[in-house]
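There are 2 protein chains.
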Amino acid sequence: MADAAVKQRDAAPSAQNSAKDEVRRILDQVKAEGRTSLTAPEGKLVCDAYGIPVPKEGVATSASEAANLADGMGYPVVLKIVSPDILHKTEAGGVLVGLKSAEEVQKGYETILANAKKYKADAKIDGVQVQQMLKGGQEVIVGAVTDGSFGKLVAFGLGGILVEVLKDITFRLAPCTREDALSMLDGIQAAEMLKGVRGGDPVNREALADLIVKVSQLVSDFPEISEMDLNPVFATKNDATAADVRIVVDFSPKEQRYRPSQDEIVRSMSRIMKPKALAVIGASAEDGKIGNSVMKNLINGGYKGQIYPIHPKADEILGYKAYKSVKDVPGDIDVAVFAIPAKFVAQALTECGEKKIPGAVLIPSGFAETGNVEGQKEIQEIGRKYNIRLMGPNIYGFYYTWENLCATFCTAYDVKGHAALSSQSGGIGMAIIGFSRSAKMGVSAIVGLGNKSDIDEDDLLTFFEQDDNTHVIAQHCEDLKDGRAFAEVAKRVSKKKPVVVLKAGRTSAGAKAASSHTGALAGNDKIYEDVFKQSGVIRARSLRQMLEFARGIPVLPTPKGENVVIITGAGGSGVLLSDAVVDNGMSLMTMPPDLDEAFKKFIPPFGASGNPVDITGGEPPTTYKNTVRLGLEDDRIHALILGYWHTIITPPMVFAKLIVEVVEEMKAKGKVKPVVASLAGDVEVEEAAEYLYQRGIPAYAYSTELPVEVLGAKYKWARGAGLL
Amino acid sequence: MADAAVKQRDAAPSAQNSAKDEVRRILDQVKAEGRTSLTAPEGKLVCDAYGIPVPKEGVATSASEAANLADGMGYPVVLKIVSPDILHKTEAGGVLVGLKSAEEVQKGYETILANAKKYKADAKIDGVQVQQMLKGGQEVIVGAVTDGSFGKLVAFGLGGILVEVLKDITFRLAPCTREDALSMLDGIQAAEMLKGVRGGDPVNREALADLIVKVSQLVSDFPEISEMDLNPVFATKNDATAADVRIVVDFSPKEQRYRPSQDEIVRSMSRIMKPKALAVIGASAEDGKIGNSVMKNLINGGYKGQIYPIHPKADEILGYKAYKSVKDVPGDIDVAVFAIPAKFVAQALTECGEKKIPGAVLIPSGFAETGNVEGQKEIQEIGRKYNIRLMGPNIYGFYYTWENLCATFCTAYDVKGHAALSSQSGGIGMAIIGFSRSAKMGVSAIVGLGNKSDIDEDDLLTFFEQDDNTHVIAQHCEDLKDGRAFAEVAKRVSKKKPVVVLKAGRTSAGAKAASSHTGALAGNDKIYEDVFKQSGVIRARSLRQMLEFARGIPVLPTPKGENVVIITGAGGSGVLLSDAVVDNGMSLMTMPPDLDEAFKKFIPPFGASGNPVDITGGEPPTTYKNTVRLGLEDDRIHALILGYWHTIITPPMVFAKLIVEVVEEMKAKGKVKPVVASLAGDVEVEEAAEYLYQRGIPAYAYSTELPVEVLGAKYKWARGAGLL
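Residue numbers (the numbering used here), protein chains in the order written: chain R, 72 to 795; chain S, 72 to 795.
Pulled out of the complex, with its shape left as it was, chain R reads as follows (with noise of 0.2 Å):
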């Protein structure tokens, strides 16, 4: 039986080491051993170096060593059976719980081990475990699990039917903090029941987030940990102890993924995304040819840099001078896009290595898509080994606007703005395209992902966090094909600005998913779900979501405030706010006196002055100015919902124009508040939406929800931030 003294992790740097000794010496053991889970007395000790609370317990090998056992810690107790063969216990009928006497006890043990016998005559029986039986309090459920993409992380569930009929489970990339520990406590439907209901107590909240950190760690440091299992865990007003502990090992090797440090990262995507100089391999005179709308794109967008058409045989691309190579160019190039069949890539891929570029467009597509792998592998290992970082390939290219830049095959782009978008499918690209030109949204940059070989989310992010004309980050993405990169970096960078993901694929049943118990509960979705949470990250739930996002996210400005008021003219489209409001996560502030009075000045009588404020249909102009004025002057207000009315008294753009007016006169006098509006009429509204918007306030015709979802994730990214 273990004798070690609880060990505390977050004790002296010593008890940290011994701790991790202990552990290291169990995993060893069970390694060599060529075991792939632990005994139910090894979880115990390593439970206990981490200092994760478990009962009192012993094993005996004898009935009348139970007994005397038992005796020692206090009835009722539990009984297991100790087999490093019989993983599934209470199958072989192997647990008896609640034997309350020492005559019990001596029974239970003969009985168990007849069962063990006859489930698995050849098993090794290391003996039988006497464990003090936890009760009251709540039963959870605290686990860890290895994803493929995310790496190591922590679940949290209640027991029972919530984690198995309603999967009820929330995750969080391990180690995790303690804040992120407390997150979980309320990331789940039934967070209510920690709070103490029917008169129960609470549990207490510390001690079971400190237990969930614990896990965190012991996963943490020690990645050969697969999956552990604490279920159930006893949550009580005092303390948290798991009572069960399953812990399964993997000893294979990992491989890594390649990375760059963040500031090589930088270095290599600046030069690819702002190039001085650029090849184009497979520039073509010929209408039709990739490499030539490749080349009229980047001479009709406005391309100030050098450009160099690498070609086999032309002296001359449309009026510059081609090269057979890019070793024959003469000076430095940033980056090379390519023009040609996958069949050319990997040598002239191999030139560009020899000539130094550090960047690599690879729009041709017949690598791991079509199942070329082996092709895929080999420019991967030549990107490598000249340390080129990889676009693709498979992809329509990129633009970035700011330097004039189309990189692509595709339509030019050239409204600048301050919107970096990227996609892992080229329709998806040429969507995002369709809709930036007929919105008139401004971007900084497109990226086309494609195949990802070597550049992923995590790149672009790194490159846009440091990239002044980029204020939003949208990414559509199938795949994280480092999860963990991608959550680390998208949690430093959604400090300072907005990442918004549309993850595509949420559905596809998980398959791919952890493969663990705990895991597989919940589907590969929550997981995704909770990290971009974790993370920071504002999720699109549609591809024209994740754009309208794009669009109004850099347009709005950060609220100071979670008091957010509607002015509308329509009573129906005021109810119709408020739903969304509440949709969207924020909440409609509760009018002070003495404000309610100020807007019932400007309003008719029978006008409903509270939140909404509903100043009634038939108003002129200065109704709506008056009260729109009021809403940005007091500093008790953080954002602004419009609900416009259509009527002959104030027209479509009347509206607009003194709504863009107010907003000016208010933001000169430094009161500078997000404002979006719902504008319900006739088809002029929808030129009064344009004008609006593209004055700074996200507006939109026929809808109410649209609107409030654009200030919705710009209050999620503003508390995210920790600017609320």
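By construction, these hints were calculated from the structure, which means they are not laboratory data.
Hints are supplied without guarantee of correctness; some may be wrong.
Identical copies carry no separate label here, and so any pair may be met within one copy or between two of them.
Simulated pairs of lysine-lysine, DSS-like, Cα-Cα distance not exceeding 30 Å [to be verified]: (1) Lys178 to Lys188; (2) Lys102 to Lys127; (3) Lys426 to Lys552; (4) Lys672 to Lys414.
Given chain R, put chain S in place with the hints provided.
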């Protein structure tokens, strides 16, 4: 104690009558004694009468009698105080559970009496109830509430935290059918619990459904039963037994809403919506007046019936002979449109009554919405007195395009189509008009309902049900004045035509909801959600969604089965479309091998067969054509979702035209299936989307979710109408 034999509700009529007589007798006594709730023994008698299973029990008036009773029913037992003055028994210390012997029962009896005295010294105590204690199975709650709008509702949920913390409860209108009751068992989040988890037995679904039906019948037979709670009900593999019965009564008389017969509604609504002659009360020749806008809209809209301007002084208005009163008009008038201030309405309406005009469109505001409740009551009374149906007041009027009728002061709208829309709010009405014009959505009617002093959503449903020009009905509402009538009519109408409802005020804390315990658990919105579902109503989640559903549903043919196939040029769109399919309650067809092979023949070797069928981006028009043709031809496929990717090889309009061509070709062969499309590309895809939409293929640019939402809505309707 009850010695009455258990009476089955579904027995012969005489038994049913005697069951009713028994309950009537009990309720009469409760009423006579001025009580608002039944005692436990009374509750048991009521359950007995309706065949609702309850445990064995009896009431003892001495400790020894209690022990005798317990001996007779077997241990363990529960003891409960019986007192009309103590409603919250547990709070009063009036409940003891799990008593295992005669001795415990005797002692318990004394304890309970002592507690009761302490709780309320002057409480009248009828004795102590001894009840067989039920164990095992699944604890569930069955209840009934009285909702202000929907009347009697039956409720079902699992006991404990699932109802209390997670609000996992479901409602149906009472009385409900066996099918409704069975659907409730699947209508909770934790439905799996009833099927037996962790090796437990499944509950007896028929027994549980039977109990629910009986409760729903009981509260319907006796409207004075305002609340009923069976909590817990023990549901086992054999039966379902209510362990505790709580019945609250309310004998105060309820006001009944005036309801004409369905035939009468159709008759009067037809004269309003398709009038041969129409009076404009307050018609004016003066620009800017509401009565002028109405006249112009009627004239310029092309209305072919008689128009009678009513004006106190004018002889002629805009070329039409004017009259001082409707009573001066020589011929019959079908409807009077009011464009006069509120204060003159009552007098003019009385004249309409004397003229026997069956309908009044009350545009004026200044009634209940401004606090003038009396004024509204006055016109309601005039309406009833003369049998005039009232639309409004406080509305924009209405449009009925097939009669070229714009009886409104808003802008005219004349694009004939098959969607009939209505809104409670004027602002939302203007959004409907703007969206319709912008999206070229044909409508049959747009109707403002405003204060709904008389004509309500259900009247419109009844009219549009038989209106051949209307194929889909979409309604915005903030409340349903008579949810019961709405649900009953919607249930019938939705079998023939899709009914879409946008219920605003979803999140307003349901304050006006049922005041009872069970009702308050879920909040008002869950009731709307469940009743809409029970009635076959498609619920729109946002204003834009309601509009898109109204636009798309009538355009799409009804699918003949559940097999949905995605054909996409963009793999990325395929993933997002798949997500949307699941989100919208559909499922992707599992491809039969032969069909898979057939598709493979048309797509490049590196394209992905299966579902989505990924034809890859670089394909010529023929690939789209061949695959879509196959998708339409094969009878195992019931609906197609197309993902288009803009390329030079297959430009947007080429794609759009070929799709229309193939769909038409197949239609000629009798292959009619719903097809929707998502278009990813540069702005030219907008024109292509419009081309497709105008030809029966709902198509959206830059969105993967909208086309699938529309298809999903059509599916929801088809299932609700029993067509799938």
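Each hint, compared with the structure:
In this homomeric assembly, Lys178 and Lys188 come within 30 Å of each other (Cα to Cα) only inside a single copy, at 16 Å, whereas the closest approach across copies is 48 Å. For a Cα distance limit of 30 Å, the shortest separation of Lys102 from Lys127 inside one copy, 27 Å, qualifies, whereas the shortest one across copies, 61 Å, does not. Proximity of Lys426 and Lys552 under a CA criterion of 30 Å is satisfied intra-copy only: 29 Å inside one chain copy versus 78 Å between copies. In the homo-oligomer, the alpha carbons of Lys672 and Lys414 lie at most 30 Å apart only across protomers (25 Å), although the nearest pairing inside one protomer, at 75 Å, exceeds that limit.
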